Amino acid sequence: MILRRRHLIAASGRAAAATALPRIAIGQTDRRPSITIAVQQIANSAALEPLREQSNVGQRAFSFIFERLISQNLLGKLEEVPGLAESWKRIDERTVEFVLRKGVRFHNGDEMTADDVVFTFSRERMFGPEYDIGSSKTLFTSVLIRDSVEGKNLPPEVPAVAKRLFPALEKVEAIDKYTVRFTNRTPDVTLEGRIGRMGSDIISRRAFSEAKTWLDWARAPVSTGPYKVREFLTDRSLMLDAHEDYWGGQPPLKSIRLVVVPEVATRINGLLAGQFDFICDVPPDQIPGIEKNPKFEVLGSTIVNHRITVFDKNHPKLIDPRVRQAFTHAIDRQAIVESLWSGRTRVPAGLQWEFYGPMFVEGWTVPEYDVAKAKALLKAANYKGDPIPYRLTNNYYTNQVATAQVLVEMWRLAGLNVQIEMKENWQQIFEANGQRAVRDWSNSAGFNDPISSIVAQHGPQGQQQQVGEWTNEEMNKLSVAMEVETDIQKRKAMFKRMLEICEREDPAYTVLHQNATFTAKRKDIKWKASPSFAMEFRTINFATN
Amino acid sequence: MLAFTVSRLLRAGVTILIVMTFAFVVLRLSGDPALLIMSVDAPPEAIKAFRQAWGLDRPVWDQYLTYIGHALTGDFGKSMRDGRPAIELVMERVPATLAITMPALALKIGLGIPAGIYAALHRNSFADRATMAVAVAGFTMPSFVLALLLVLVFSVNLGWLPASGADSPMYAILPIVTLGAAGAAIMARFTRSAMLEVLGQPYIRAASAKGVNWRQVITRHALPNAAIPTVTIIGFMIGSLVAGAIVVETVFAWPGIGRLMVSAVANRDLAVVQALLMVIAAWMVMANFAVDLAYGWLDPRVRASASL
Numbered sequence: 103m104i105l106r107r108r109h110l111i112a113a114s115g116r117a118a119a120a121t122a123l124p125r126i127a128i129g130q131t132d133r134r135p136s137i138t139i140a141v142q143q144i145a146n147s148a149a150l151e152p153l154r155e156q157s158n159v160g161q162r163a164f165s166f167i168f169e170r171l172i173s174q175n176l177l178g179k180l181e182e183v184p185g186l187a188e189s190w191k192r193i194d195e196r197t198v199e200f201v202l203r204k205g206v207r208f209h210n211g212d213e214m215t216a217d218d219v220v221f222t223f224s225r226e227r228m229f230g231p232e233y234d235i236g237s238s239k240t241l242f243t244s245v246l247i248r249d250s251v252e253g254k255n256l257p258p259e260v261p262a263v264a265k266r267l268f269p270a271l272e273k274v275e276a277i278d279k280y281t282v283r284f285t286n287r288t289p290d291v292t293l294e295g296r297i298g299r300m301g302s303d304i305i306s307r308r309a310f311s312e313a314k315t316w317l318d319w320a321r322a323p324v325s326t327g328p329y330k331v332r333e334f335l336t337d338r339s340l341m342l343d344a345h346e347d348y349w350g351g352q353p354p355l356k357s358i359r360l361v362v363v364p365e366v367a368t369r370i371n372g373l374l375a376g377q378f379d380f381i382c383d384v385p386p387d388q389i390p391g392i393e394k395n396p397k398f399e400v401l402g403s404t405i406v407n408h409r410i411t412v413f414d415k416n417h418p419k420l421i422d423p424r425v426r427q428a429f430t431h432a433i434d435r436q437a438i439v440e441s442l443w444s445g446r447t448r449v450p451a452g453l454q455w456e457f458y459g460p461m462f463v464e465g466w467t468v469p470e471y472d473v474a475k476a477k478a479l480l481k482a483a484n485y486k487g488d489p490i491p492y493r494l495t496n497n498y499y500t501n502q503v504a505t506a507q508v509l510v511e512m513w514r515l516a517g518l519n520v521q522i523e524m525k526e527n528w529q530q531i532f533e534a535n536g537q538r539a540v541r542d543w544s545n546s547a548g549f550n551d552p553i554s555s556i557v558a559q560h561g562p563q564g565q566q567q568q569v570g571e572w573t574n575e576e577m578n579k580l581s582v583a584m585e586v587e588t589d590i591q592k593r594k595a596m597f598k599r600m601l602e603i604c605e606r607e608d609p610a611y612t613v614l615h616q617n618a619t620f621t622a623k624r625k626d627i628k629w630k631a632s633p634s635f636a637m638e639f640r641t642i643n644f645a646t647n
Numbered sequence: 004m005l006a007f008t009v010s011r012l013l014r015a016g017v018t019i020l021i022v023m024t025f026a027f028v029v030l031r032l033s034g035d036p037a038l039l040i041m042s043v044d045a046p047p048e049a050i051k052a053f054r055q056a057w058g059l060d061r062p063v064w065d066q067y068l069t070y071i072g073h074a075l076t077g078d079f080g081k082s083m084r085d086g087r088p089a090i091e092l093v094m095e096r097v098p099a100t101l102a103i104t105m106p107a108l109a110l111k112i113g114l115g116i117p118a119g120i121y122a123a124l125h126r127n128s129f130a131d132r133a134t135m136a137v138a139v140a141g142f143t144m145p146s147f148v149l150a151l152l153l154v155l156v157f158s159v160n161l162g163w164l165p166a167s168g169a170d171s172p173m174y175a176i177l178p179i180v181t182l183g184a185a186g187a188a189i190m191a192r193f194t195r196s197a198m199l200e201v202l203g204q205p206y207i208r209a210a211s212a213k214g215v216n217w218r219q220v221i222t223r224h225a226l227p228n229a230a231i232p233t234v235t236i237i238g239f240m241i242g243s244l245v246a247g248a249i250v251v252e253t254v255f256a257w258p259g260i261g262r263l264m265v266s267a268v269a270n271r272d273l274a275v276v277q278a279l280l281m282v283i284a285a286w287m288v289m290a291n292f293a294v295d296l297a298y299g300w301l302d303p304r305v306r307a308s309a310s311l
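In order, the protein sequences belong to chains A and B.
Heads up, the first sequence stops at 647 in the numbering used here, and the numbers go up one at a time, no gaps.
Heads up, the second sequence stops at 311 in the numbering used here, and the numbers go up one at a time, no gaps.
If you are wondering where the hints come from, they were derived from the structure by calculation, not from laboratory data.
Just so it is clear, the structure is predicted and the values come from calculations on it, not from any experiment.
For every residue, glycine included, the Cβ atom is placed at its ideal position computed from N, Cα and C.
Be a bit skeptical, because a hint or two may be false.
[Unchecked claim] Beta-carbon label-pair distances, calculated as ranges: (1) Q204(B) <-> G376(A): 53 to 61 Å; (2) G178(A) <-> F147(B): 40 to 48 Å; (3) K204(A) <-> A285(B): 56 to 64 Å; (4) D65(B) <-> S403(A): 33 to 41 Å; (5) D295(B) <-> E523(A): 46 to 54 Å; (6) P227(B) <-> Q507(A): 24 to 32 Å; (7) K51(B) <-> Y498(A): 18 to 26 Å.
Excised from the complex, chain A in its bound form (with noise of 0.2 Å):
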């Protein structure tokens, strides 16, 4: 009986061997790496999910799940190049027409289909049940999938930001099973852009309807990109696994997982003690310090967006323009940049970045730095030196304390009485209580057109207005006439006079200086940084000595 009993396991094992060896030998030969890349944050939302986590850190994450329609080339000018559609074209002023890579295949190994594009874009993905077609600002899809997602209402601020994202998109078709049009109610250039932006991410029908919940859905989408999600925890980390079934070749690393380490210090040590392969978010004043190590060395780049201080036209002393011209002119930029930043950035062109293409205005520039100039105007407005508060908050933005500082003794040099007041939240640096006059902001560009970011963040629907900071009746009216000018020369001019307003008539905000993102990492990791938060894993961009 023993002896049976013997032979039983024997042979079960023998059997289990057979089965297993093959497999083991397989993984064997996979001799892909896999990374670890420390990070301050994975996403402020808890969700992966674009159209919610609408963040820097947020943008990072994504890069590895998502793809759109049209991608950025990551190691270029972040130019548009074609992602899960091969080819597009305009049918007219309205309409964009899209034709799908065949055989793109999502990460629970469905192919990729019109339909799911038309889904990524329907109202129980992105824009709510709930949303009045009737409206003149009627947003619908002409789903040819009706079947609704029972129990999954989407959180508030996602259809708020799919509307904000597409404003008068009028319907998304099926044309044939790789053939999608895009029609929008009103003229727009800007489709293509809007279509290529981070939250018009493409993802599965099939995986968002067999989620239980939303949350279960942003916890572990479902799109094409190189990495798929294997684990996500919140401010812990996320667990991503290749993509084997990617359309652009098998992902050069088996698995990545990002760790949040929200403090630097520790990031840099874990680094240095080999735990970690990149880092993330690495103040620019601790790269010498990690350069030291010859393991090591530290990337960045400049970034599309911008550092600006913001003007609250309707405080008493801020009302004359002469007294913000006066501001704009008060600041030595470049020295900022040289000393704070020790030249890794730069100083831009004004509200604007060179991936516009013929929408960027050659020539502009930010404000000179005169002094004499400022104390001209001052004197001009009759400003006596009244104390003018500046609000602060403690390093949102990378050296920003430190900016201000140096700020507030440029402006003091032209004669502005600029005081600092730190404030613990973004509620009490908005606080419109007659004291509102100067604050910091940063601005993007979530597509390659000034409607992106002049318009969305100092129009009239942009936060600078809505919280009763600045208006100005010309830029409003140019705002509203670009979004649906189609010619580009008038397009370009009207941008041109809104940065005279915004930048120099008129001062809603002045540019201090383009920002940058810093990555460190092991030196024998051949690996290039992207101009921008997203990281860049496929084939082209990874090797190991």
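Let chain A serve as the given structure and place chain B on it in line with the hints.
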């Protein structure tokens, strides 16, 4: 004893209610969760929608009554960030925190009490001064400085231990040592003081004069009497087991209550902060209650006064 227990429990309930009320009011007056969770760059419509969805646009008193009503039924609300019940989020972090604070408590007691006794018994000797010098250094050094020093030595230079994270028991060693070192120093100081006070009492001299073995004098007469102040300190330490590792958890990226607290407060995740404070307050109250009972067990005079 029953009356004693009931009155303590009632006081505990009132304490927890006060903590919850205070936290509720202060949190709502000190920052807008919509701006913090959605980020300052979120569209104004999204901020507005968020406020409406979570009832933040209603008067504070209205929000408070709703909250207390739900809390009485065991519903402490949901996390605005995570969407899950706040109490569930808190309770799932408790084991991680206890995994470092309980061994750290053992370290504090195991190192601190013997060191304090040894120093007291060798008063004014080199050993006493050396022990106390180390103890003073231990509790005056901020925990984040000690943490970074330990990481530099044991992670960066020697490469023996990981610098941060919680992937295996090895990851807990540096946080435990950091927490334990400062606590052991405090414990050593208090034990030494208590022992010195007791050693100067007449009954110690009497016992010695009667010819009782010095070891017995220490173990039977001195130590039990010196235990009362030490137990008080241990009570405080037990009380802080759940909430006492905020800095250390942040420095070592340890996923416990402390980090949840930092993140929830920074994001004004109101329900989570309130649930955290309630759990911490309840734990503190329980620890104090346990200390009161321990007094009675250790000191017959306390038992006698309670039974009168």
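Status of each hint after checking the structure:
1. Q204(B) <-> G376(A): 53 to 61 Å: holds (56 Å)
2. G178(A) <-> F147(B): 40 to 48 Å: holds (42 Å)
3. K204(A) <-> A285(B): 56 to 64 Å: 60 Å Cβ-Cβ, so the 56 to 64 Å window holds.
4. D65(B) <-> S403(A): 33 to 41 Å: violated (49 Å)
5. D295(B) <-> E523(A): 46 to 54 Å: holds (47 Å)
6. P227(B) <-> Q507(A): 24 to 32 Å: violated (59 Å)
7. K51(B) <-> Y498(A): 18 to 26 Å: holds (22 Å)
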